Amino acid sequence: MGILLLIIWLIQDLLYLIVFPGLVVAMVLVILLIYLERKIAAKVQMRYGPLYVSRKVGGALQSVSDLLRFSFQEFILPIGSDSIAFLMAPGFMFAFAMMPLIFIPVGPYYSYLFPSTLTILFSVALITITPIYAIIVGWASDNKFSFIGSLREAFLVISYEIPLLLSVIAMVIVYRTLNYIPAVAFQETHLPGIILNPIAALVFIIVAIRSTGRFPFDITEADSELIMGLYTEYSALFFGIGMATPYIELYALSLIFSLLFLGGWWPVSIHATGLLAGLFLPGIIVIIKAFIVMMVLVFLRAVYPRYRVDQAVRSGWERIIYLGIIAVIISILEVIII
Amino acid sequence: MKDKEKRKLRGDVEGNARALATGFKYLVEPNRMTLDYPVESMKLAPNYRGFFTVDDKKCIGCSMCEMVCPPEAITMIPRVVSPTGETLPVQEGASQEAGAKPAKKTKRPVVNWGRCIYCYFCFDICPVDAFVRSNVHDLAYYNDADYRPSYEGYLKLPEDPVKKSKKVVPRPDMKRGIKYEPAP
Amino acid sequence: MNLNEKVYDISEAGSIEPEGDRTIALQIGPSHPGSGHMRIKTRMDGDIITKVDADIGFVHRTSEWLSERRQFIKAIPIVERIMLPDTVHANLAYVLALEKILNIEPPPRAQYLRSLAAEINRITSHLYGIGIFGIFLGSSTVYMWAFGDREPFIDLMEMLTGARITNSYIVPGGVRWEMPKGFKEKAESTLQYMENRFNDYNDIWAKNPVVEARTVNVGVVDRNRAISLGVVGPNLRASGVDYDTRKASPYAAYKDIDFEVPKMNHGDSYDRLLIRIEEIKQSIRIIRQILKDMPEGKIIADSIYSQLNPVMKKVFEQEQRVMFPAFFNQMRPAAAESIARVEAGRGEIFFYLKTNGDKYPYRFRWVTPSFRNLAYFSDVAVGYRLADLPAIYGSIDYFPPEADR
Numbered sequence: 003m004g005i006l007l008l009i010i011w012l013i014q015d016l017l018y019l020i021v022f023p024g025l026v027v028a029m030v031l032v033i034l035l036i037y038l039e040r041k042i043a044a045k046v047q048m049r050y051g052p053l054y055v056s057r058k059v060g061g062a063l064q065s066v067s068d069l070l071r072f073s074f075q076e077f078i079l080p081i082g083s084d085s086i087a088f089l090m091a092p093g094f095m096f097a098f099a100m101m102p103l104i105f106i107p108v109g110p111y112y113s114y115l116f117p118s119t120l121t122i123l124f125s126v127a128l129i130t131i132t133p134i135y136a137i138i139v140g141w142a143s144d145n146k147f148s149f150i151g152s153l154r155e156a157f158l159v160i161s162y163e164i165p166l167l168l169s170v171i172a173m174v175i176v177y178r179t180l181n182y183i184p185a186v187a188f189q190e191t192h193l194p195g196i197i198l199n200p201i202a203a204l205v206f207i208i209v210a211i212r213s214t215g216r217f218p219f220d221i222t223e224a225d226s227e228l229i230m231g232l233y234t235e236y237s238a239l240f241f242g243i244g245m246a247t248p249y250i251e252l253y254a255l256s257l258i259f260s261l262l263f264l265g266g267w268w269p270v271s272i273h274a275t276g277l278l279a280g281l282f283l284p285g286i287i288v289i290i291k292a293f294i295v296m297m298v299l300v301f302l303r304a305v306y307p308r309y310r311v312d313q314a315v316r317s318g319w320e321r322i323i324y325l326g327i328i329a330v331i332i333s334i335l336e337v338i339i340i
Numbered sequence: 052m053k054d055k056e057k058r059k060l061r062g063d064v065e066g067n068a069r070a071l072a073t074g075f076k077y078l079v080e081p082n083r084m085t086l087d088y089p090v091e092s093m094k095l096a097p098n099y100r101g102f103f104t105v106d107d108k109k110c111i112g113c114s115m116c117e118m119v120c121p122p123e124a125i126t127m128i129p130r131v132v133s134p135t136g137e138t139l140p141v142q143e144g145a146s147q148e149a150g151a152k153p154a155k156k157t158k159r160p161v162v163n164w165g166r167c168i169y170c171y172f173c174f175d176i177c178p179v180d181a182f183v184r185s186n187v188h189d190l191a192y193y194n195d196a197d198y199r200p201s202y203e204g205y206l207k208l209p210e211d212p213v214k215k216s217k218k219v220v221p222r223p224d225m226k227r228g229i230k231y232e233p234a235p
Numbered sequence: 006m007n008l009n010e011k012v013y014d015i016s017e018a019g020s021i022e023p024e025g026d027r028t029i030a031l032q033i034g035p036s037h038p039g040s041g042h043m044r045i046k047t048r049m050d051g052d053i054i055t056k057v058d059a060d061i062g063f064v065h066r067t068s069e070w071l072s073e074r075r076q077f078i079k080a081i082p083i084v085e086r087i088m089l090p091d092t093v094h095a096n097l098a099y100v101l102a103l104e105k106i107l108n109i110e111p112p113p114r115a116q117y118l119r120s121l122a123a124e125i126n127r128i129t130s131h132l133y134g135i136g137i138f139g140i141f142l143g144s145s146t147v148y149m150w151a152f153g154d155r156e157p158f159i160d161l162m163e164m165l166t167g168a169r170i171t172n173s174y175i176v177p178g179g180v181r182w183e184m185p186k187g188f189k190e191k192a193e194s195t196l197q198y199m200e201n202r203f204n205d206y207n208d209i210w211a212k213n214p215v216v217e218a219r220t221v222n223v224g225v226v227d228r229n230r231a232i233s234l235g236v237v238g239p240n241l242r243a244s245g246v247d248y249d250t251r252k253a254s255p256y257a258a259y260k261d262i263d264f265e266v267p268k269m270n271h272g273d274s275y276d277r278l279l280i281r282i283e284e285i286k287q288s289i290r291i292i293r294q295i296l297k298d299m300p301e302g303k304i305i306a307d308s309i310y311s312q313l314n315p316v317m318k319k320v321f322e323q324e325q326r327v328m329f330p331a332f333f334n335q336m337r338p339a340a341a342e343s344i345a346r347v348e349a350g351r352g353e354i355f356f357y358l359k360t361n362g363d364k365y366p367y368r369f370r371w372v373t374p375s376f377r378n379l380a381y382f383s384d385v386a387v388g389y390r391l392a393d394l395p396a397i398y399g400s401i402d403y404f405p406p407e408a409d410r
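Protein sequence lines, in the order shown, are assigned to chains A, B and C.
Offset between the first sequence (1-based) and our numbering: plus 2.
Offset between the second sequence (1-based) and our numbering: plus 51.
Offset between the third sequence (1-based) and our numbering: plus 5.
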């Protein structure tokens with residue numbers, strides 16, 4: 003009997019990890035998001051966007067066909083590259099981008115492979131690992147443009163990681179927990195985080211744009227300067243993985259944002275029970291919220307050009323970090339007053 | 052100098068807000084200008100410079116078009132005038148027929164479509180205005196050889212490759228710049 | 006990884022670093038999204054550019070040579086093809102030079118039509134430049150908008166001449182086609198549309214904080230430096246020099262037209278961005294005036310018209326289409342030389358034509374605005390960051406085929 007329970011528990015966890023909200027849902031959302039990103043940009047820009055692949059559904063299968071194309075393309079290994087690092091780094095990058103999803107609950111009864119009460123800490127810590135592999139990618143490519151791209155990535159990571167942690171710390175101070183589920187419960191009984199501390203929400207959004215390379219911080223892949231930045235030498239599926247990684251990161255960050263700032267599964271009570279209200283509905287609500295956040299962030303492509311790297315680094319150290327400190331102070335004041 | 056100071060004073064907040072608002076305005080109310088080409092295609096004005104051919108009966112074979120052609124796309128090929136007034140290909144040995152009146156020799160232009168730049172200089176230099184215009188322009192061939200038609204092939208104007216599509220005409224529009232309306 | 010270890014370009018002695026040099030060589034182009042048809046050889050000290058060397062000639066097409074080995078009339082399509090965004094101006098400059106040799110004076114209506122075509126062309130050329138600058142800074146919206154808004158103006162040219170880009174509209178003695186019916190109304194509504202769009206261009210592009218951050222005080226060329234570099238066109242006027250060939254030596258109908266030459270003071274990338282928008286506004290004003298004041302009359306000089314045969318004259322009466330007299334085919338101007346200067350979208354075109362009584366030109370020298378604006382490259386970008394290179398390059402509105410000829 004005990005063994006059976008263990009197996010059920012394991013299967014359930016694998017289901018969470020691989021199907022919902024893990025790999026499968028993430029990939030489906032990413033494919034949908036890339037399509038919508040192109041459509042949104044096209045709407046603003048006087049054109050149709052993807053249309054010819056599956057014309058009847060408005061070109062919705064374009065991203066799928068791109069994925070297939072990447073899968074069957076010829077892979078080229080540059081002679082001068084550090085081949086092991088060159089081959090491994092995109093995989094690690096993708097894996098570490100997926101990993102925060104283990105610790106992000108999408109419902110009150112969500113259980114983990116690694117039960118923990120420090121989920122906020124773990125998920126944010128894992129998010130900061132991905133850039134290391136981005137730097138390795140640039141190093142291994144043996145290309146000056148990739149190398150400059152990875153240097154830019156390093157500069158930006160250092161200048162924007164502290165504001166990210168500050169904005170999360172600000173919310174942790176308000177919620178007085180390092181666990182997502184009590185944090186959502188706090189928002190249900192009080193107010194959503196975005197109203198409790200709007201500065202922290204702003205900082206978090208800016209850092210999310212930065213760390214996923216959305217405009218106006220599309221600096222590491224600036225094509226008019228660096229061709230394709232880090233991925234200049236990549237082709238085939240490895241390039242596809244490299245392309246998808248920022249979107250996975252975006253998914254993880256948007257999930258965290260909707261849990262910390264938008265009230266999580268807010269219309270559904272944390273005490274709701276049953277398969278529908280307790281398990282599926284909260285998950286769907288969180289993912290819809292996260293998806294809306296993602297759409298807003300990809301919309302910025304249609305509005306902004308990109309900043310220069312020194313301007314982005316300077317604004318990271320001179321503005322965003324102070325905004326983060328202000329957010330923490332606001333949280334402390336709130337805690338003292340309440 | 053003052054302008055720059057003012058720009059700074061105006062602040063980033065307003066600039067960002069206006070940029071985002073403008074982007075959002077076009078997201079909600081798109082001003083799409085694209086012509087959805089194979090599904091709909093433009094009905095071009097009669098003065099559009101497209102494929103053209105020559106009126107066999109009008110042409111006098113003077114070679115002015117060959118001389119003026121900037122990319123040297125036109126070649127004059129020898130022809131003979133038939134009794135009906137049309138030209139026939141030159142047949143080797145035909146002139147040796149005893150008793151027959153020797154056919155009048157002439158020349159006719161043929162255009163190499165791979166070289167033609169549609170400047171229509173040949174049109175305008177022609178002393179008898181023998182060229183016939185069309186506004187078919189969106190045509191490509193499979194082989195290099197197909198770009199060089201025979202004289203008989205050149206006489207037929209090519210068919211519009213997208214004639215089944217919905218024909219539209221561009222109209223200036225205050226919101227979209229160009230709006231494609233169904234052709235009358 | 007030693008960055009200086011592999012020098013793929015052994016043909017360039019400049020790529021190999023001297024001992025103790027801490028800079029690295031970065032070859033931007035010739036196949037690079039931000040280079041165009043050229044190679045920008047840069048040396049970087051960290052993120053700072055210490056040397057820029059523009060290596061041009063990748064799209065050299067021997068156009069001068071081609072035009073010197075053909076009859077005079079055949080050079081019209083050839084000059085158009087070096088500067089595709091600026092076809093009318095190239096065509097006009099050549100015809101002006103040829104008319105001086107042939108002693109033909111076009112009638113006033115033809116002059117006005119030439120100015121009309123030139124100003125429509127200036128708008129499309131500036132929109133092209135704005136669009137390319139947009140994509141260089143990463144703003145795909147401005148790129149698409151500018152190229153989309155170019156379309157109504159190209160449509161106007163299509164209505165006027167029957168072709169979108171390579172119009173071959175201007176011939177010695179006048180223009181080839183009369184303005185079609187309904188052109189004025191269409192032109193007026195197109196101009197109004199463009200005027201309405203300026204607000205949106207300001208919001209998304211010119212006044213966008215990111216664009217300001219990227220371009221203000223980047224690539225500054227002051228007045229004296231711009232003059233000594235020999236820069237022409239909008240780039241010169243952005244540096245505060247009030248010089249425009251349309252005012253300095255008026256051609257076509259510009260003597261009779263009232264317009265201003267916009268100029269800026271700073272000479273940075275932002276000013277070069279703004280001046281193109283200002284010039285579009287002036288072009289709109291000029292087109293309105295031309296459409297209002299267009300004189301009646303023939304569109305071709307009498308000396309050409311009198312050479313037409315009866316068939317051609319009939320065609321002219323019926324279709325208002327100017328056919329060519331046989332003289333165009335057998336032009337043999339007496340030995341002479343002439344120059345023509347035309348203010349094109351990117352600056353002043355200078356054509357020098359020398360004839361020696363032969364069927365072909367003896368010498369036909371082209372000095373194109375992009376070639377003169379190239380002087381910016383090696384000078385302006387030094388001391389700025391790598392990311393400023395597109396911001397400078399894009400603002401110059403450099404068109405490689407035009408410079409390479």
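By construction, these hints were calculated from the structure, which means they are not laboratory data.
Computed from a predicted model, the values in this text were never measured in an experiment.
Errors might be hidden in some of the hints.
Calculated lysine-lysine pairs in the DSBU-like style (CA-CA distance at most 30 Å, straight line) [stated by the list, open to error]:
1. A:Lys-58 / B:Lys-218
2. B:Lys-108 / A:Lys-58
3. C:Lys-191 / B:Lys-76
4. B:Lys-218 / C:Lys-56
Hint check results:
1. A threshold of 30 Å between alpha carbons decides the hint, and for A:Lys-58 with B:Lys-218 the separation of about 21 Å falls inside it, so the pair holds.
2. Between B:Lys-108 and A:Lys-58, the direct Cα distance comes to roughly 50 Å. Violation of the 30 Å bound is thereby established for this hinted pair.
3. Restraint check: the Cα-Cα separation between C:Lys-191 and B:Lys-76 comes to about 26 Å, which is no more than 30 Å; the hinted pair holds.
4. Distance restraint check for B:Lys-218 and C:Lys-56: the Cα-Cα separation of roughly 55 Å exceeds the 30 Å cut-off, and the hinted pair is therefore not satisfied.
The structure does not agree with the numbered hints 2 and 4 stated previously, though it agrees with the rest.
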